[in-house]
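Peer 1: Listed below are the residues making up each chain.
Protein chains: 6
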Amino acid sequence: MDHHKLVLPEHMNHYGFLFGGYLLQWIDEFAYITATVDYPGLRFVTVAMDNLQFRRGIDTGEVLRFVVDKAGTGRTSVRYRIRAHGIVKQPDPATVLFETMVTFVNVDAAGRKTPLPGQT
Amino acid sequence: MDHHKLVLPEHMNHYGFLFGGYLLQWIDEFAYITATVDYPGLRFVTVAMDNLQFRRGIDTGEVLRFVVDKAGTGRTSVRYRIRAHGIVKQPDPATVLFETMVTFVNVDAAGRKTPLPGQT
Amino acid sequence: MDHHKLVLPEHMNHYGFLFGGYLLQWIDEFAYITATVDYPGLRFVTVAMDNLQFRRGIDTGEVLRFVVDKAGTGRTSVRYRIRAHGIVKQPDPATVLFETMVTFVNVDAAGRKTPLPGQT
Amino acid sequence: MDHHKLVLPEHMNHYGFLFGGYLLQWIDEFAYITATVDYPGLRFVTVAMDNLQFRRGIDTGEVLRFVVDKAGTGRTSVRYRIRAHGIVKQPDPATVLFETMVTFVNVDAAGRKTPLPGQT
Amino acid sequence: MDHHKLVLPEHMNHYGFLFGGYLLQWIDEFAYITATVDYPGLRFVTVAMDNLQFRRGIDTGEVLRFVVDKAGTGRTSVRYRIRAHGIVKQPDPATVLFETMVTFVNVDAAGRKTPLPGQT
Amino acid sequence: MDHHKLVLPEHMNHYGFLFGGYLLQWIDEFAYITATVDYPGLRFVTVAMDNLQFRRGIDTGEVLRFVVDKAGTGRTSVRYRIRAHGIVKQPDPATVLFETMVTFVNVDAAGRKTPLPGQT
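Chains as they are written, first to last, in this note's numbering: chain A, 63 to 182; chain B, 63 to 182; chain C, 63 to 182; chain D, 63 to 182; chain E, 63 to 182; chain F, 63 to 182.
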C-alpha cells in the first residue's frame, strides 16, 4: 500500500534537511493505516521497529512515496517493511531514501495479545 | 544525559495511549542534543535506529524520563542507547517503557563522513 | 489517486468530532500531491476550491480514505474532485463524508500562468 | 467581526508562500468564532464552503486581517463571507487576498438541524 | 484591539484545562499584532512580560476574548496590557481569566533600539 | 534541574529569530516537570510568571539549556527561577538569554489550594 507526504519548510532541521523525527512520525502512521486496511476490525499496537536506515538528506518540496509491504506474520503479530522514495527532487525515484521494519501486535480491549484471524 | 517530557492529551492515539510517532520524534531530538553536548562543534546526522521496543502503553499526564547513554563509537560515528521511564504514573520508575539505539555520523558541510576528534 | 489519514484526538473539535480546519488542510496537501504526480516538473498553486460539503461528523480512530480524481483541465489549470470516506467507523465505506473540487494553476518561477504540457 | 493572524515561517509552503492548508484552517476557526459571538448558546457545525479564491501569494511576516460578515440566514443555517487582507506587506490593505463563503447549521445535542432563534 | 481564540482539545493539559503554554503563545502573537497595527512599518521585539496571572482554569470549547490596550510608551518601547475573558463557558464575560503586561522595543534592521515616531 | 531544547526552523519568527511564544510554552512545561519531580504526587497549577526578560535573539540550530532552580516556597505554593542559555551558537554558555520566575500552587482534585508537604 502506498502513502505520500509533501515535505514542507516546517519539517526541516537546522541543516536544511528533513528532521528525522517527522519522518519517524509519518512511518508510524502509514504502517498503522496499512495494517488497519489489511486487517479490518483488529486492534494493533506498535511493538517494535528495526533496521531504521536514513540514507539521504531530504529537501523541502520533496514528495515522499512510502511503499509499505507485508513482510511476515506471527501468531499475534504482523510485520511491514517501509521504504521511502522521493518522486520530485531525486534523479531516480527508485532510490530508497529511508527504510525500516515495523511490527504490530493484535490486542484485545484489555491489551492482551490476541491471535490474528486464521491463527489459533 | 537525562531529558524529560510531559505527555499531554494532544499526544494521545485513539486508544488513549501515547501515539508512538511522538515518542519517536522526541527520541530523535533528545539523542541529537546529547551528541551535540558530548561533541561540541561537530555536525551529526542520524543514520540508524535499532531495536526499538515499545513495551508499555503510556498515559496522559505521565512525565517521561529519557536516559541517554553513549554505547560506543566508530571512526566517524557514535551510538547512544535511549531508555524511557515513567516517573508519575508507573509504580516503579526503574521500569523501561521504551528502548532503542541511535547512531549518528559526523559529517562536514558537504555531507561527507568525517572522523570524530581523536580518530584519524 | 488514493490518500489515507488517521484521525487522532489532537484533531478533534470541542464537540468530539474532527475539526473541519484539519480536514481542509489535508485536502489541500493531498490534491497538491496528486497534481504533482500527474504532472511531474510543473509548479502548481491552488487558486480555488468549490462546493465543499461536510456531510458527517468524523470520529477519532477513523481512517479516512481520500479519493482524488482529475475532473478536467483548462489551458493552464487542472481540476480535481476529492471525496473522503471512512473505512473503520462507517458502516458503509462507500459513504461520502466530505466532498470538494480543487483547481490548480500551473505557474512559472515568476508566478505567471503557464500552459499545461500539450496546451499552447 | 475582524480577526488577525501573523504569518510565520512554519506556515510557508516550499515556494516560500503561505501554505493554503493553514489559511483554510484559520478561516474555519474565525468563521466559527464569529457565529458563536453572533448567536450565543447555539451549537454550529460547518456544512459548506463555497467560492474559495486564492488570489495572491502571501509572505512570511504578513499580518492578515480577516473580515467576517454575515451574508444571510436560512431557517436553521447562517452564512458568512470571509475576506482576507494583508496589512503589513501589501501596498493596498483593501486588496482582497483570499475570499470564501462559509455556511453553518445549528444543531441540537443529537446533531439534528434546529431552527435559529426567531425561526420556526 | 480585540482578538479571539477557540480552545480545542489539542490545547488541554492532563487535568482537562487549557495548557498555560498555549495561552502564553497566543498572548505573544496577539500583542505583537496589536503593536504592528498601531505602529505600521516599525520592527518590534518582545523584551519583557510582567505580572502574568493565571486566575482560572479554562475549558475546551471556550472562546477566549483577548483585550489588548496600550498601557504606556517610552522613548523606544511600548507596553500593552492583555486581559483574557471567556465568552462561552463563563457565567460573566467580564471576568478576567488571565492578565499580563507585554513590553516591545522598536529596533532597526541591525537590532539596535530605535526611537518610536515622535520621539527623539 | 536542567532541560534542553533544539531550536528548529519551525520555531522561527519572520525576523529569523526564535518566536517568543514557543519559548514561553517550553518554559511552562519545563517548570511544571521540575515541580513534579521535586514534589511527587502533588497537583500543581501555574498561577503566575514574573519578570520575563527576553535578552537576546536566538538562532535556529541553537541548543537551549534551561536551568530551573527552586527560589522559594509558601504554604501552598512553590516558585522556580528559570534561566535559558545557548550552548551551541553563543560565544559564552554562561550568558543568560532569557529569564523568568514561575509560581505554582498545589491544589486538590476540586481545585482548592492545599498545603505543601510539611506545611499546615
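Read the hints as simulated data drawn from the structure, not as lab findings. Note that the structure is a prediction, hence the values are computed from the model and not measured. Be aware that a few hints might be false.
Remember, identical chains collapse to one label, so a pair may be satisfied in a single copy or spanning two.
[As the list claims (entries may be wrong)] Straight line, CA to CA, 30 Å or less: simulated DSS-like cross-link-like pairs of lysine-lysine:
#: 1; residue 1: K151; residue 2: K175
#: 2; residue 1: K132; residue 2: K175
#: 3; residue 1: K151; residue 2: K132
Peer 1: Pop the pair K132 and K175 into one bin, within, between, both or neither, using alpha-carbon distances up to 30 Å.
Peer 2: Answer is within: at 19 Å inside a copy they meet the 30 Å cutoff, but 34 Å across does not.
Peer 1: Using 30 Å as the alpha-carbon threshold, which applies to K151 and K132: within, between, both, or neither?
Peer 2: Intra 27 Å, inter 24 Å, cutoff 30 Å: intra and inter.
Peer 1: I want to check one pair: K151 and K175. Are their C-alpha atoms no more than 30 Å apart within a copy, between two copies, both, or neither?
Peer 2: Intra 42 Å, inter 22 Å, cutoff 30 Å: inter-copy only.
Violated hints are absent here; each numbered hint is respected by the structure.
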